[in-house]
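Visitor: Next come the chains, spelled out residue by residue.
Number of protein chains: 2
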Amino acid sequence: MKTLHVDLGERSYPIFIGQDLFRLVRLADYIKGSQVMVVSNTTVAPLYLAQIRSQLADFNTQSVILPDGEKYKNLDVLNQIFDALLQNRCDRHVTLIALGGGVIGDMTGFAAACYQRGVSFIQIPTTLLSQVDSSVGGKTGVNHPLGKNMIGAFYQPQCVIANITSLNTLPDRELSAGLAEVIKYGLIQDAGFFAWLEAHMTDLLARNPQALSYAIERSCQCKAEIVARDETEQGIRAILNLGHTFGHAIEAGMGYGTWLHGEAVGAGMVMAVELSYRLGWLSQQERERSVTLIASAGLPIQGPTTMSADEYIKLMAVDKKVEAGRIKLILLKGLGHAVINDPENGSSDSRRLIKDVISTCQAQ
Amino acid sequence: MKTLHVDLGERSYPIFIGQDLFRLVRLADYIKGSQVMVVSNTTVAPLYLAQIRSQLADFNTQSVILPDGEKYKNLDVLNQIFDALLQNRCDRHVTLIALGGGVIGDMTGFAAACYQRGVSFIQIPTTLLSQVDSSVGGKTGVNHPLGKNMIGAFYQPQCVIANITSLNTLPDRELSAGLAEVIKYGLIQDAGFFAWLEAHMTDLLARNPQALSYAIERSCQCKAEIVARDETEQGIRAILNLGHTFGHAIEAGMGYGTWLHGEAVGAGMVMAVELSYRLGWLSQQERERSVTLIASAGLPIQGPTTMSADEYIKLMAVDKKVEAGRIKLILLKGLGHAVINDPENGSSDSRRLIKDVISTCQAQ
Chain Z
1 MKTLHVDLGE RSYPIFIGQD LFRLVRLADY IKGSQVMVVS NTTVAPLYLA QIRSQLADFN
61 TQSVILPDGE KYKNLDVLNQ IFDALLQNRC DRHVTLIALG GGVIGDMTGF AAACYQRGVS
121 FIQIPTTLLS QVDSSVGGKT GVNHPLGKNM IGAFYQPQCV IANITSLNTL PDRELSAGLA
181 EVIKYGLIQD AGFFAWLEAH MTDLLARNPQ ALSYAIERSC QCKAEIVARD ETEQGIRAIL
241 NLGHTFGHAI EAGMGYGTWL HGEAVGAGMV MAVELSYRLG WLSQQERERS VTLIASAGLP
301 IQGPTTMSAD EYIKLMAVDK KVEAGRIKLI LLKGLGHAVI NDPENGSSDS RRLIKDVIST
361 CQAQ
Chain Y
1001 MKTLHVDLGE RSYPIFIGQD LFRLVRLADY IKGSQVMVVS NTTVAPLYLA QIRSQLADFN
1061 TQSVILPDGE KYKNLDVLNQ IFDALLQNRC DRHVTLIALG GGVIGDMTGF AAACYQRGVS
1121 FIQIPTTLLS QVDSSVGGKT GVNHPLGKNM IGAFYQPQCV IANITSLNTL PDRELSAGLA
1181 EVIKYGLIQD AGFFAWLEAH MTDLLARNPQ ALSYAIERSC QCKAEIVARD ETEQGIRAIL
1241 NLGHTFGHAI EAGMGYGTWL HGEAVGAGMV MAVELSYRLG WLSQQERERS VTLIASAGLP
1301 IQGPTTMSAD EYIKLMAVDK KVEAGRIKLI LLKGLGHAVI NDPENGSSDS RRLIKDVIST
1361 CQAQ
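Chain order of the listed sequences is Z and Y. If you count the first sequence from 1, position 356 lands on 356 in the working numbering, and the numbers rise without skipping. If you count the second sequence from 1, position 79 lands on 1079 in the working numbering, and the numbers rise without skipping.
Next up, chain Z with everything else stripped away, as it sits in the complex (with noise of 0.2 Å):
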């Protein structure tokens, strides 16, 4: 088991990463109260809210299973933890339990940072997706028909848990879904670990556990550095989002649970290559590796074919990172340095090389 620390002062938490940690993470030394709510969804449960629970026996603990899936991340099924909470009696002194995807995550930070103006919470995330990404940095949120986690928090959790074991249930479509997370941090931040990546994906798509292990640990370890250094995102912390304006712009614009996140991030990350090597900050190698190690995770390079240039920048208008009407990305000047960057300048020249670059990566 390794042990990785946030630093964010009295908010620090520490990230457990390795196997069978469902048994060797004693949960009751995170919990101050008698009260725990165990949120879940309709296909984690069935497999590990059981053993979880067993290990809670000393405590008065409740559980809220939702349906699974990003369309379910939304203030009337954020409603049903809180008629939860109330209907338990739970008190200020609870502690919530997120056993599930980045989606139960986010959800159930967001009713713990909120629920009598804020509760303690508990992160077991049980996908590559949200062990590597929503768990580290205390973003939480619902989305909103207009625009993805547009209502949230920033919100730490006491612990987070990422048992490596609960990924052998992990359906194929979603590992590769956590694995863009994962080439995203070599991309922004470490060419290193982008080449450690190029040589072990096989061992990644085989869940051999040791890779699992060495992947998670850096990629927490990446972000985790990152948001210490920029809690509330006022600047740095924005490269996370590589791919991310493009990824949202599809993930709304198909519907949300119709693309996964780590599908459209994908796709949103060939295009911020596309448009960075178009800039003449890439070199034509450096795209290659980077869309060959993409499509390697079985990951999708192209944009959905119903989608058209004007759809995504009508969607990327209202994401969050729009100042003043124009659409900050991040790009990358070579592997492992990313960028933010105003590539518009205001220009509409520059607008036109945006949508000239999302229809070259669009399915045809």
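Please keep in mind that the hints were generated in silico from the structure rather than gathered at the bench. Every value quoted in this text rests on a predicted model; they were computed, and no experiment measured them. Note that beta-carbon positions come from the ideal geometry of N, C-alpha and C, so glycine has one too. Incorrect hints may appear among the rest.
[Claimed, not checked] Now the in silico label distances, taken between C-beta atoms and shown as ranges:
id	chain 1	residue 1	chain 2	residue 2	range
1	Z	GLN51	Y	PRO1046	55 to 65 Å
2	Z	LYS333	Y	THR1232	36 to 46 Å
3	Z	ASP20	Y	ARG1352	49 to 59 Å
4	Y	ALA1191	Z	GLU225	46 to 56 Å
Guided by the hints, dock chain Y onto chain Z, whose structure is given.
Guide: Structure of chain Y alone, referenced to chain Z:
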């Protein structure tokens, strides 16, 4: 014009108190970006929205008008603010302005806390209650059918503008409701202010601007001092809830909006005073002065006829001031001195005492 400073480190902000402030305070000084969203309700917007908007000609200003009343302080109506923000493509640099009473302030503050994980907001409280209470201290949120203010955040505004001139349009019933919170500050921490209120209640009810200005200033000072010592209510801040646990039960039991918050707090404070008296902590004379002052403000000094003591207990058991099933109450040990108390001490005797006090303070 008086200026008070709420001292919360980097979250500090000024409160302006005085007449004609919609003209005198330059709103633009507290707005960082170019976008502004004014949130108001159907009662207040016709009176003051145009005046506020005329100050904002240099900004891209939109407004959203919510229905008026405590019963609309819920997640669904909150979502109307998010709808307006997204439909108008407001980005992370938007400033929200709360123009209205406590409900508008609480909802706008919570919307600001959550929109894109946090944007700026300005409080323009237009009722006495909101000027002395909800505009200071950063408590924001909405109600849940099972409990008041159960979903929310601690979130501070850029500034608060308490314009006494706007109280001229306030219905008498709401003026009285506001005075409940003013009296509370005398009871919990300032015996001198309590005596001042006894001497000036007639002036306050006649809306004498000097009297109102002093009462608001003293109340805000009181609250600001307490909040600065305990921003997120880990301890001492709880004394601000004198009468509120009983009061919240009345509000929830009668249906939100039937009793005004201040009316419920008025009757609730009488119950807290009665319980303190029964415990031997207030003299008979102190009890009588308290009840007389509350009555002289035009407030109810008895609970509703239709609620049983058991109903109170049931509703009080889901209040936020509950720990491990035991009801914490704010009581008085002499005028001007509040204590946080667990009158139950786990015994059935003490619960019987609470019920007995409730019954005594019920209208027959």
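Visitor: Compare the structure with each hint and give your call.
Guide: Comparing the hints with the structure gives:
1. Z:GLN51 <-> Y:PRO1046: 55 to 65 Å: holds (59 Å)
2. Z:LYS333 <-> Y:THR1232: 36 to 46 Å: Taking Cβ atoms as reference, LYS333 (chain Z) and THR1232 (chain Y) lie about 42 Å apart, which means the hint holds.
3. Z:ASP20 <-> Y:ARG1352: 49 to 59 Å: holds (52 Å)
4. Y:ALA1191 <-> Z:GLU225: 46 to 56 Å: holds (55 Å)
The structure meets every hint from the earlier list without exception.
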